[in-house]
Amino acid sequence: MTITDFSRRLRAGDTTSEAETRACLERIAQDNARLNAFILVMADEALEQARRADRELADGRDRGPLHGVPMSIKDLLDVQGTPTTAASRVREGHVASADAMAVARLRDAGAVFVGKTNLHEFAFGTTNEDSAFGPARNPFDDTRSPGGSSGGSAISVRTGMAMASIGTDTGGSIRIPAAACGLVGLKPTYGEVSTDGVVPLSRSCDHVGPLTQSVSDAAVVYHVLSGRAPATAPATTLTTALTPAPVERLRLGVPRAYFCDLLDDDVRARFEEALDRLRAAGATIDEVAIPHAALTGPVYLHISLPEAIAYHRTTLDAMPERYTAPVRQRLEWGKYVMGEDYVRALAARDVLCREVDAALSGHDALVLPTLPIPAPPIGAASIRVGASDQLVRNMMLRLTQLFNVTGHPAIALPCGATRDGLPCSLQLVGARSETDALLRVALASEAQVSSAFTIVT
Amino acid sequence: MLIMGQIVPDAVEGYLAGLNRLADDVLLDIARAGVEQDLPLVDAEVGALLRVLATSVGATRILEIGTAIGYSGIWLAGALPPGGMLFTMEMDPERARVARDNFARAGVSDRASVLVGDAQRLLAKVAGPFDLIFQDGDKKLYGPMLDRLVALLRPGGLLVTDNVLWSGEVVPGFVANPQHKTADTSAIIAYNTQLSANPLLMTSIVPLRDGVAISVKTRTELEPLERAREALRAADFNQSPAPSLQAPASSPKS
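Chains as they are written, first to last, in this note's numbering: chain A, 155 to 611; chain B, 29 to 282.
Accuracy of the hints is not assured; some may be wrong.
[Claimed, not checked] Heads up, simulated EDC-like pairs for lysine to aspartate or glutamate below, C-alpha to C-alpha not over 16 Å straight-line: (1) B:K209 - B:D166; (2) B:K153 - B:D138; (3) A:K489 - A:E461; (4) A:K489 - B:D146; (5) A:K489 - B:D166; (6) B:K168 - B:D138; (7) A:K489 - A:D511; (8) A:K489 - B:D175; (9) B:K168 - B:E122.
Hints are computed from structural coordinates only; laboratory data are not their basis.
Predicted model only: the values in this text are computed from it and were never measured.
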């Protein structure tokens with residue numbers, strides 16, 4: 155059930171927050187042992203929150219579209235009174251003394267927290283394999299990764315353990331698991347959602363955002379997270395106030411060089427079909443170029459690694475054995491980035507920002523795939539892509555991390571499945587500080603590319 | 029300082045010494061002088077190990093922390109080809125002078141350079157990469173220096189650390205009456221943990237004499253970063269951002 159459907163039915167008296175929260179907790183009890191989506195299940199607190207939400211509504215207090223909505227929170231954000239593990243033994247003994255700003259806003263908006271979700275340790279990875287709590291598993295095929303780092307968040311929403319989830323995205327960590335699990339994942343414009351109370355990975359690339367079942371739901375959660383929803387919305391604005399952009403007037407730019415160079419055959423086919431559907435609905439699709447896109451990885455590494463090691467240095471020296479080996483390895487690289495190369499990366503970041511702006515000029519959004527491959531098998535270091543073998547890590551980050559470097563808002567939308575039934579995803583990228591405009595394009599596109607696609611889990 | 033026979037029994041040490049044909053008269057002389065002055069020199073077995081290791085990695089640039097009177101330096105310098113260089117750091121100017129004399133006696137003055145001063149400060153000034161680094165300085169500084177030494181090492185290069193078993197005192201309860209300062213012992217215990225946990229190093233500890241840790245800087249671990257660095261340095265930003273290939277469209281306003 156989407157947030158939008160739930161909100162309507164809740165106020166029509168067809169369901170209660172307690173009933174839907176209980177249903178989520180039952181799904182967790184049923185499937186979490188297999189999928190490992192949750193690090194902490196907050197069953198008692200959630201039911202109490204849900205009953206309070208139901209009482210408030212009965213008393214005439216309506217907190218708006220998230221009132222009574224059971225949600226999960228990536229275990230990288232502080233929820234008062236619970237440990238924020240970051241899926242790492244390094245964090246043993248931690249208990250959050252206050253809610254993260256994003257969590258506080260959800261709580262004020264009436265959301266119910268069913269638990270804290272599994273992630274790639276310290277969000278420093280894209281597969282959710284390296285976690286002190288064990289790997290999370292893809293609901294479509296539990297031998298495969300759910301994507302990461304917000305893997306548990308994606309699983310929880312995909313399987314009905316939560317109606318929506320909050321993730322973080324430093325190189326693609328919301329959009330990648332959304333793509334691998336057939337969901338909508340929104341990375342807003344950099345800085346729009348507070349990262350206070352979130353364990354940082356790379357402060358200048360970190361974003362907080364929602365993983366949801368629909369674009370409308372993403373818009374609703376985004377407006378609460380960014381503090382732009384009224385504290386008590388009238389019942390008439392239970393769904394997003396945003397309307398779809400008129401699809402027949404949409405002008406989209408597709409940057410094929412680099413972004414379509416290395417794609418799994420089925421992913422490529424679904425992407426081209428999505429473009430065909432958009433064209434058939436009247437959208438114009440232009441070829442655009444981001445000349446230095448291939449520098450994204452080097453720039454990202456030279457910015458994110460020093461930022462990561464600056465945060466982790468003390469614990470890395472004091473308790474290196476508490477990190478999982480692959481995460482520790484990548485953190486160690488941070489010690490070997492030279493100042494002059496960091497400065498080069500900052501200069502290149504400016505160039506990339508201008509190039510993305512230029513590609514967006516005259517367009518409502520850029521359109522490209524989210525993930526070049528379907529969800530990879532757990533434990534695979536490399537994977538066959540077309541005619542060559544590629545490193546899984548490079549493939550996972552390849553199409554998303556540019557927009558962490560530049561700060562442009564980006565959203566992942568389901569657009570069909572591979573012949574093996576694994577989800578494929580389309581990414582739309584908008585102008586900076588125009589997240590609402592991007593959401594309107596996404597609403598219009600979703601109707602064309604996701605409607606023909608039924609998820610089977 | 030070192031309690032003989034604690035780790036390798038005396039009889040076995042004697043047997044090893046009898047087989048060692050690498051020491052020459054100058055080295056034997058210096059070793060005798062070292063014993064007379066109670067200086068903590070490596071012995072001929074560790075010396076031979078250093079020369080074998082330096083030769084095996086084809087060392088042309090070697091760094092040593094803790095020259096003393098140049099005994100281990102001669103073993104190391106003896107592995108260098110013409111044009112190779114050993115940089116060795118010594119805090120005490122008098123010992124450094126003796127070391128220079130000994131390098132002259134051993135005929136390696138042309139490839140051994142003694143740097144006098146605080147090694148932590150000197151390390152900030154030397155430039156890598158080195159093929160082999162021999163750490164035999166102040167035990168309390170082993171840990172704080174490790175990152176810098178690893179950074180100075182080439183991939184595939186060796187970090188060799190002496191005294192890592194510390195007469196066996198690093199093993200809790202093994203030595204009934206510890207002779208070493210607790211602070212030094214704790215520092216070495218922490219250092220050994222750091223060595224084994226460092227993902228850039230692969231380490232094996234050889235229980236020869238006072239324990240020698242041999243760590244190789246792994247070749248592959250930094251490759252992704254090195255490739256990224258090359259790409260970044262090679263980037264050409266002279267071309268301006270390419271505009272859209274198509275004419276601008278108006279944004280939907282409804």
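Status of the hints after comparison with the structure:
1. B:K209 - B:D166: Between B:K209 and B:D166 the Cα gap is close to 12 Å, so the pair holds against 16 Å.
2. B:K153 - B:D138: violated, 21 Å
3. A:K489 - A:E461: Holds, because 10 Å separates the two Cα atoms, which is no more than 16 Å.
4. A:K489 - B:D146: Violated. A:K489 to B:D146 sits at ~23 Å, over the 16 Å cutoff.
5. A:K489 - B:D166: Violated, at about 24 Å.
6. B:K168 - B:D138: violated, 32 Å
7. A:K489 - A:D511: Status violated; Cα separation ~32 Å.
8. A:K489 - B:D175: holds, 8 Å
9. B:K168 - B:E122: violated, 22 Å
Taken one by one, the earlier hints fail for this structure at numbers 2, 4, 5, 6, 7 and 9, listed in ascending order.
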